[in-house]
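If you want the building blocks of each chain, they are given just below.
There are 2 protein chains.
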Amino acid sequence: MKPQSSQTVYQGRVNVEISDYIYENGQKVQREVVRKDDAVAIIALDQEYLYLIRQPREAVDEPELLELPAGTMDVPGESELECAQRELAEEIGKKANHWEELLWVYTSPGFTNEKVTLFKAMDLSDVDAEQDLEEKIDIVKVPLDEVEEIIDDIVDSKSLIGLLTVFSSYG
Amino acid sequence: MKPQSSQTVYQGRVNVEISDYIYENGQKVQREVVRKDDAVAIIALDQEYLYLIRQPREAVDEPELLELPAGTMDVPGESELECAQRELAEEIGKKANHWEELLWVYTSPGFTNEKVTLFKAMDLSDVDAEQDLEEKIDIVKVPLDEVEEIIDDIVDSKSLIGLLTVFSSYG
Chain Z
353 MKPQSSQTVY
363 QGRVNVEISD
373 YIYENGQKVQ
383 REVVRKDDAV
393 AIIALDQEYL
403 YLIRQPREAV
413 DEPELLELPA
423 GTMDVPGESE
433 LECAQRELAE
443 EIGKKANHWE
453 ELLWVYTSPG
463 FTNEKVTLFK
473 AMDLSDVDAE
483 QDLEEKIDIV
493 KVPLDEVEEI
503 IDDIVDSKSL
513 IGLLTVFSSY
523 G
Chain E
353 MKPQSSQTVY
363 QGRVNVEISD
373 YIYENGQKVQ
383 REVVRKDDAV
393 AIIALDQEYL
403 YLIRQPREAV
413 DEPELLELPA
423 GTMDVPGESE
433 LECAQRELAE
443 EIGKKANHWE
453 ELLWVYTSPG
463 FTNEKVTLFK
473 AMDLSDVDAE
483 QDLEEKIDIV
493 KVPLDEVEEI
503 IDDIVDSKSL
513 IGLLTVFSSY
523 G
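As they're listed, the protein sequences go chains Z and E.
Its first residue numbered 353, the first sequence is counted upward by one per residue in this note's numbering.
Its first residue numbered 353, the second sequence is counted upward by one per residue in this note's numbering.
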């Protein structure tokens, strides 16, 4: 649906736009939208372990949050899969021979266009990669038979969706 | 973690703040955070149906998205449960005699503080309530034995988490 008018009211790492719409029934609504690069997240598994990360999350004032390795598609021209491969190397130090796209979701479609695509990465091997200096990441290896226990501790939506999808009966 | 300095760079329905942090290891990082009211979402069930909604989502340019009834905690002093009760009445026209808090998640903790608390509402009955004039909502009654089929169509993170939690083996 095309807005009647649209104005960018903030430009930074995210942009904020205010747009006016008219529905078919004549109803007028105004929406404030936070525009953001899309993102990817990876369920990385070998025969023994699921690879998660712990990192500080200043946005939600948490000293550390347990999450899937993930990242923003901020490299021009990069595909979702290429971004996932780069982030797996940067955050976990691994490459994967088997990649599978699982699903995608909008993280909060009431106010932002952010979309996250989830991948499963298997058949892992070590790889050298530079870490992102803006991040402070600890790798957490979770034995596969303990994944069910840690799911209750996950409070990051993309990570919870990935783990419920792969490790529940709907996987 | 307290920022060294913090500046509000945009004020609207959401606020945007830029803050500077120094980690224990001396590393300096800057974060842009979108501050937003928290939200609630409801898995509303009777003996036969799950109650979902379809609504236009201009932020993600979708003419309609299938979601759990949900809303923002924008009434001062309102608790999560009170907000869920209000939204269930406004969006579905129901009240529930049985409420259960399931879990909460951060929708995208890399850039926003938004937190969504999920409730299960059962033992439903009709109630009169005014609709929000800024919303255009269709109620969708999904027979309980068809919920599994529609989970694949859900692309809203809070809705997918709620349905996977209640209708999968981890429920």
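Just so you know, the hints here were simulated from the structure itself, not pulled from any lab data.
Worth double-checking, as some hints may not be accurate.
Claimed, not checked - Once the Cα atoms are required to be at most 25 Å apart in a straight line, the calculated DMTMM-like pairs of lysine to aspartate or glutamate come out as:
id : chain 1 : residue 1 : chain 2 : residue 2
1  : Z       : Lys467    : E       : Glu434
2  : Z       : Lys354    : E       : Glu414
3  : Z       : Lys354    : E       : Glu487
4  : Z       : Lys354    : E       : Glu501
5  : E       : Lys380    : Z       : Asp389
6  : Z       : Lys488    : Z       : Glu430
7  : E       : Lys467    : Z       : Glu376
8  : Z       : Lys493    : Z       : Asp389
9  : E       : Lys380    : Z       : Glu376
10 : E       : Lys488    : Z       : Glu384
11 : E       : Lys493    : Z       : Asp398
12 : E       : Lys467    : Z       : Glu414
13 : E       : Lys467    : Z       : Glu487
14 : Z       : Lys472    : Z       : Asp413
15 : Z       : Lys467    : E       : Asp478
16 : Z       : Lys488    : E       : Glu384
Claimed, not checked - Restraint-style ranges between C-beta atoms, simulated for each label pair:
id : chain 1 : residue 1 : chain 2 : residue 2 : range
17 : E       : Asp372    : Z       : Asp490    : 20 to 26 Å
18 : Z       : Trp451    : E       : Pro495    : 24 to 30 Å
19 : E       : Asp389    : Z       : Lys354    : 34 to 40 Å
20 : Z       : Asp484    : E       : Ser358    : 21 to 27 Å
21 : E       : Gly378    : Z       : Asp372    : 45 to 51 Å
22 : E       : Leu454    : Z       : His450    : 32 to 38 Å
23 : E       : Asp504    : Z       : Arg406    : 45 to 51 Å
24 : E       : Asp389    : Z       : Trp451    : 36 to 42 Å
Glycine included, each C-beta is placed from N, C-alpha and C at the ideal position.
Self-check item: Which numbered hints fail
Solution: 1, 4, 7, 8, 9, 11, 14, 15, 18, 19, 23
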